[in-house]
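Colleague: If you want the building blocks of each chain, they are given just below.
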Amino acid sequence: MKCAGWKCSLSLGFVLGTILLGAAPLAGEATPSPAVTPSLLSPKISMTAALLSEPPEPAQTIGEKLKELEQGVEEAKSKGDNAWMLVSAALVLMMTGPGLALFYGGLVRQKNTLAIMMQSFALMALITVMWALVGYSLCFGGSGPVIGGFEHAFLRGVGAEPNPDYAATIPQMTFMVYQLMFAVITPALIAGATAERMKFSGTVLFMALWFLVVYAPLAHMVWGKGGLLNASLGGKFPTLDFAGGTVVHISSGVSALVCALYMGKRVGYPKQPMPPHSLVLSFIGACLLWVGWFGFNAGSALAAGSLASSAFVATHFGAAAAAFSWSTVEWIKNGRASALGAISGAVAGLVAITPAAGFVRPMPALGIGAVAGVVCFGMVTKVKTAFGYDDALDAFGVHGAGGTIGALLTGVFAQQVVNPIFGVGKAVGGLDGHWGQVGNQLVGVLIAWAFALVGTIILLKIVDLLIGIRVPEEQELEGLDITQHGEEAYNLET
Amino acid sequence: MMKLEAIIQPSRFESVKDALREIGVEGMTVTEVRGHGRQKGHTEVYRGREYTVDLLPKIKLEMVLPDALVNRVVDTILKSAKTGKIGDGKIFLSRVEEAIRIRNEERGENAL
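Top line first, the protein sequences correspond to chains A and B. For the first sequence, the tail end lands on 494 under our numbering, and the numbers increase by one without skipping. For the second sequence, the tail end lands on 606 under our numbering, and the numbers increase by one without skipping.
Just so you know, the hints here were simulated from the structure itself, not pulled from any lab data. Here a beta-carbon is modelled for each residue, glycine too, at the ideal position from N, C-alpha and C. Hints should not be assumed to be uniformly reliable.
[As the list claims (entries may be wrong)] Listed below are several chain A residues computed to face chain B (Cβ distance under 10 Å; list not exhaustive):
#1 107
#2 110
#3 111
#4 330
#5 334
#6 377
#7 381
#8 394
[Stated by the list, open to error] Simulated crosslink set (DSSO-like; lysine-lysine; CA at most 27 Å straight-line):
#9 B:534 - A:333
#10 B:576 - B:511
#11 B:511 - B:554
#12 B:554 - B:576
#13 B:511 - B:573
#14 B:534 - A:271
Start from the sequences and build out the full structure, keeping to the hints where you can.
Modeller: Encoded structure:
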């Protein structure tokens, strides 16, 4: 059999080879070594020949066929989900670099552009390494109420097999790398409050500790199995947080406020003008954030099904409504709708819709966005001025406030028709008649606030004692680009 | 010989330049400058924070003219640079003692 097939293929290959060989000179150029052609062609032909000459297999039982089909369907579903989740992971990384780096980069003064961009970029490297060593395990290993364990340290046991507790249809490797991107962007958001005056060394040490002490426990409490605030895996106070209203935005926003208060105002603030050096950069960054947020929120469905579609739509609607409402209020108050206002509004809406994205229908999403736009406008224009803290790029005003509003409104608008997280037919949020969920949300919000507040104060003190957190005044005046990195963002005249 | 310095609105620069070329002005030096007279700048608002921008971008033209051409040039600039609003700028005239062309050391009006 095999021998016959081999002979057959050889002869066929030879014939084809001869034809090709003969044709080569017709093409006008002598092909260097057409002798390879027969050997390239022959394997395929030999396989076909072998199949043709094999006797028919015994008929499968219906049961076997069904099993095979089911397996095929499972595999196809898993591949579809995996494709979406890998794209989502890449989209979330894009939010940090270039999204956030450009958004923040444009808002600072020219002399601090590279420094703020570098803070985002450094976290892409730093948190990734920490995530691989212990971070993933602390967030998603074990089943304690406050923090995970070390079972997945060094990514032990994280491979092609899904982790059915979190995402049953995608390799745990995909889940791991997707969650990593959240851990990267969260500390990067804090840099908005400390912009233009924080030491680079201090930033690196603070962010590394903050990731371990504040982010990892919060992520485990809200999303990890057995976590105190987990909504579907046995939490005591089931807090709905689809994509990180508490874990990402409240934690970073509140920590940002603490940092701004601890570090004090920039030299010359608020008397000296400190306008954004390039709103064009900020504009591009905000648009990248908006697009990346689809990976952040719709990806948090952890599958490519209808829940992802629902979260996608809610995300987009939330952003649009907030851009609209911020601009409208600004237009009424200042007589003009500014570009910075419109993009800030969109980001505020994206923040607020984050915890709600996979729980609410499109109309409530518009509502949540609209409220967030107005409230965050008030936070950055009125509240900041009234209290006099220097949250340089409004990390607290947008992420802290937007995240809090979003988390609370999620309790109001979550519906089981969108996501029956407490079981089929069971009421989820206030609209379903389960107003107690607003209370659960409040508990989640308060714990996130408390954790961020206390953790950040302690860490700032430690880092300040060890290596210092703020640059000396003369370095601040000269700019962080030169003093911290030895470079300038723009050398246009050389 | 007279030296003419004119500070004008950047938006009027192209028409001033074209008008001067039409009456035969052959050279000028142009600088982008910032400043204000009675105009006093404008306010910008970034996330509710107001900044007064009092040094506004202007264009400064400098040229040294033979006496015969001075009045025509002044008239031309007045016409072509005027928008009628505050902030249109000013023209300053001063006497020039000597002009020397570096290439061939010509002096006086011949050097212009």
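Colleague: Determine which of the earlier numbered hints do not hold for this structure and return their numbers in increasing order.
Modeller: 2, 3
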